[in-house]
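Each protein sequence line maps, in turn, to chains C, V, B, P, X and W. Using the working numbering, read the first sequence as starting at 554 and increasing by one per residue. Using the working numbering, read the second sequence as starting at 554 and increasing by one per residue. Using the working numbering, read the third sequence as starting at 2 and increasing by one per residue. Using the working numbering, read the fourth sequence as starting at 2 and increasing by one per residue. Using the working numbering, read the fifth sequence as starting at 88 and increasing by one per residue. Using the working numbering, read the sixth sequence as starting at 88 and increasing by one per residue.
For the record, the hints were derived by calculation from the structure and aren't laboratory data. It is possible that part of the hints are untrue.
[To be verified] Stretch by stretch, here's where chain W covers chain B in the computed footprint (C-beta under 8 Å, at least three residues):
1) 9 to 19
2) 22 to 35
[Said to hold, decoys possible] With beta-carbon atoms standing in for the labels, derived distance ranges:
3) C:644 - W:189: 24 to 30 Å
4) C:596 - V:605: 26 to 32 Å
5) B:81 - W:143: 49 to 55 Å
6) W:143 - B:79: 52 to 58 Å
7) W:120 - B:75: 52 to 58 Å
8) V:636 - W:145: 41 to 47 Å
9) B:75 - V:602: 33 to 39 Å
[To be verified] Taking lysine-lysine and the BS3-like style, the derived pairs with C-alpha atoms no more than 25 Å apart in a straight line are:
10) W:161 - W:136
11) V:607 - P:119
12) W:136 - X:170
Note that CB positions come from ideal geometry on N, CA and C, so glycine has one too.
Below, each chain spelled out in residue letters.
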Amino acid sequence: MLHTVNKSPFGNDTLETCIRFALPGDPILLIEDGVYAVQGGNRFASMIETILKKNPVFALQPDLSARGISVITNGVTTVDYEGFVELVEQHHVNSWL
Amino acid sequence: MLHTVNKSPFGNDTLETCIRFALPGDPILLIEDGVYAVQGGNRFASMIETILKKNPVFALQPDLSARGISVITNGVTTVDYEGFVELVEQHHVNSWL
Amino acid sequence: MDFVQDMNIKKIMHVLRHAPHGTIYTYEGLEMILIMATYDQDISVVFIGDGVYALKKGQETSGIGIKGFARTFSALDGYDVEKLYVDQLSLEERGLREDDLVVDVEVLSSEKIGALMKEQDVIIQH
Amino acid sequence: MDFVQDMNIKKIMHVLRHAPHGTIYTYEGLEMILIMATYDQDISVVFIGDGVYALKKGQETSGIGIKGFARTFSALDGYDVEKLYVDQLSLEERGLREDDLVVDVEVLSSEKIGALMKEQDVIIQH
Amino acid sequence: MNIGILLKEGPYNHQASDTAYNFAEAAIKRGHRIDAVFLYNDGVLNVSKLMDPPQDDRNISSRWTVFSQKYGVKIFACIVASKRRSINEDVLIEGGVITGLGTFTDIATRNDRLVTFGD
Amino acid sequence: MNIGILLKEGPYNHQASDTAYNFAEAAIKRGHRIDAVFLYNDGVLNVSKLMDPPQDDRNISSRWTVFSQKYGVKIFACIVASKRRSINEDVLIEGGVITGLGTFTDIATRNDRLVTFGD
Numbered sequence: 554m555l556h557t558v559n560k561s562p563f564g565n566d567t568l569e570t571c572i573r574f575a576l577p578g579d580p581i582l583l584i585e586d587g588v589y590a591v592q593g594g595n596r597f598a599s600m601i602e603t604i605l606k607k608n609p610v611f612a613l614q615p616d617l618s619a620r621g622i623s624v625i626t627n628g629v630t631t632v633d634y635e636g637f638v639e640l641v642e643q644h645h646v647n648s649w650l
Numbered sequence: 554m555l556h557t558v559n560k561s562p563f564g565n566d567t568l569e570t571c572i573r574f575a576l577p578g579d580p581i582l583l584i585e586d587g588v589y590a591v592q593g594g595n596r597f598a599s600m601i602e603t604i605l606k607k608n609p610v611f612a613l614q615p616d617l618s619a620r621g622i623s624v625i626t627n628g629v630t631t632v633d634y635e636g637f638v639e640l641v642e643q644h645h646v647n648s649w650l
Numbered sequence: 002m003d004f005v006q007d008m009n010i011k012k013i014m015h016v017l018r019h020a021p022h023g024t025i026y027t028y029e030g031l032e033m034i035l036i037m038a039t040y041d042q043d044i045s046v047v048f049i050g051d052g053v054y055a056l057k058k059g060q061e062t063s064g065i066g067i068k069g070f071a072r073t074f075s076a077l078d079g080y081d082v083e084k085l086y087v088d089q090l091s092l093e094e095r096g097l098r099e100d101d102l103v104v105d106v107e108v109l110s111s112e113k114i115g116a117l118m119k120e121q122d123v124i125i126q127h
Numbered sequence: 002m003d004f005v006q007d008m009n010i011k012k013i014m015h016v017l018r019h020a021p022h023g024t025i026y027t028y029e030g031l032e033m034i035l036i037m038a039t040y041d042q043d044i045s046v047v048f049i050g051d052g053v054y055a056l057k058k059g060q061e062t063s064g065i066g067i068k069g070f071a072r073t074f075s076a077l078d079g080y081d082v083e084k085l086y087v088d089q090l091s092l093e094e095r096g097l098r099e100d101d102l103v104v105d106v107e108v109l110s111s112e113k114i115g116a117l118m119k120e121q122d123v124i125i126q127h
Numbered sequence: 088m089n090i091g092i093l094l095k096e097g098p099y100n101h102q103a104s105d106t107a108y109n110f111a112e113a114a115i116k117r118g119h120r121i122d123a124v125f126l127y128n129d130g131v132l133n134v135s136k137l138m139d140p141p142q143d144d145r146n147i148s149s150r151w152t153v154f155s156q157k158y159g160v161k162i163f164a165c166i167v168a169s170k171r172r173s174i175n176e177d178v179l180i181e182g183g184v185i186t187g188l189g190t191f192t193d194i195a196t197r198n199d200r201l202v203t204f205g206d
Numbered sequence: 088m089n090i091g092i093l094l095k096e097g098p099y100n101h102q103a104s105d106t107a108y109n110f111a112e113a114a115i116k117r118g119h120r121i122d123a124v125f126l127y128n129d130g131v132l133n134v135s136k137l138m139d140p141p142q143d144d145r146n147i148s149s150r151w152t153v154f155s156q157k158y159g160v161k162i163f164a165c166i167v168a169s170k171r172r173s174i175n176e177d178v179l180i181e182g183g184v185i186t187g188l189g190t191f192t193d194i195a196t197r198n199d200r201l202v203t204f205g206d
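Next up, chain C with everything else stripped away, as it sits in the complex (with noise of 0.2 Å):
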């Protein structure tokens, strides 16, 4: 099951709340506002190396582009509209929002 995730994870918790009910090796996508999760030096880069163990994560290139994030988080992968279709394909789709 894919799980995309477009709140910022600064001051509300629906990154944490979706990782909670995430299977291991379920993909995560972050959206939108969601991107912020993956910006490299931020408060989050910790908890992001955290969920990486059990879940590849996804950022959308278009959203990081529109906020100015050139540096993200190791081991994340960035994918444009059609790696988001791509990875639809693949699963399911669970839309925390």
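Given chain C, put chains V, B, P, X and W in place with the hints provided.
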């Protein structure tokens, strides 16, 4: 200055942010989903007790009733919409959204 | 394209995560569940986070001028929507027990709910 | 009732707390600030929480199909809106420094910002 | 006391419109003057007369019209925010006025208080 | 693959509508079929033809019309949610259809995937 907070403290950091900027003595009024912060026995009871040492805390009774909250954390004052207006008479307003 | 015939029975999970009244998501979520229930799907409803507050007993909304809907959850049973799951941690963090809720639910760990999510054909978060 | 004459000069603070693009609040907040600035008020703008991300350099929005507006913050200076304050903790938590921002700002502690809030006639949170 | 209200969310989806209304009624009952209600962001959606909620529910835009007529208060909607959100003169309720942010600046500066409701 | 889209927020105020559109375009480019876009909650505000944003900005409802015509995809809006939010046949864009939640049940069940966008 009167600070209003309308978000549940679960999953959203608006109350915490508000508290960081409120000066000692400033009243905090919880409205809408913000009233969950003073539901007796939940995870935020001790945070409210800490806030009460510096700031009076009010909660809007119609919003408490609508949410079935009959037991609230000690030291919190309930007000109706008229009491909300009274607080606005006494203070300029900072509505944390 | 016929929108009513040829419907397959699918496993559909509705996830309610918002407190009632402050936003409409849980209320309109419930409206959707009630309609879907008339179409013979395999429906489950999960309450996570502030969503569990939607089930709290004793909600009296006349003071805010908004229609209450807690009692409508009891109607789900009549529509054969019987799989109501509540996230245990969410309940505990809010100092609530099953007694405090307007309907009978099954309280599950996040692991169990996660496993149920994996089985679904469709998940709708409200 | 005349809406333009007789206007007093008031101390008005705009608080921007939302990240750009995900929601419109910061963008429409900026639109409001630009209009208000033409009315000779004593305006200050404070960036708190994800609001500081609105000032991040290097935002390139063409990929999401939304108009960027980071550069518009530079225009505030031309409207004599010179009091731009950034919350220090918010900046630090995001691993950002003043260098990373598109305009010159004053970085202040939450205590200092709290004291400034207390002085205002009007505070508008966006 | 003169009180201005800024409302930043649309009807039904958020409680903001209801809270603003209940607050405004209570303020008037206590002898204050609600100088104006100003709608911004999705708040402009409050003044569409096409609103048609289920019969057992409140009609939020009609309620603003009644409020406007009863107390002589205008419900102002920001024109730029309105155009983005499909609000124009053709769908405007009685008591609603589409106007610029200059009007809001005036409301914010001439009142004793500004109270904001939103998400 | 057949993909259904559920969109739960209105235009401009949230990015959801833009992300849904960009995703749908990309899915079609990869050879998939977007079966339908279903609008719920404030999402119904996407199909008003009265939308009139600044000229240098995207027009979100026109974009859905073009999308609908180009790919033969209907943009369905839930009728109950629409009535609450002042959306009716008079203001509906081309390609928009006001319908019941039965239509959504069908979309959700007959597709290989349902992808939700919201707040």
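Now the hints, each set against the structure:
1. 9 to 19: holds (count 4)
2. 22 to 35: holds (count 5)
3. C:644 - W:189: 24 to 30 Å: holds, 27 Å
4. C:596 - V:605: 26 to 32 Å: holds, 28 Å
5. B:81 - W:143: 49 to 55 Å: holds, 53 Å
6. W:143 - B:79: 52 to 58 Å: holds, 54 Å
7. W:120 - B:75: 52 to 58 Å: With Cβ atoms ~40 Å apart, the hint is violated.
8. V:636 - W:145: 41 to 47 Å: holds, 45 Å
9. B:75 - V:602: 33 to 39 Å: holds, 36 Å
10. W:161 - W:136: Distance ~15 Å between residue 161 of chain W and residue 136 of chain W Cα, so the pair holds.
11. V:607 - P:119: holds, 16 Å
12. W:136 - X:170: holds, 11 Å
Violation of the numbered hints given earlier is confined to hint 7; every other hint is satisfied by the structure.
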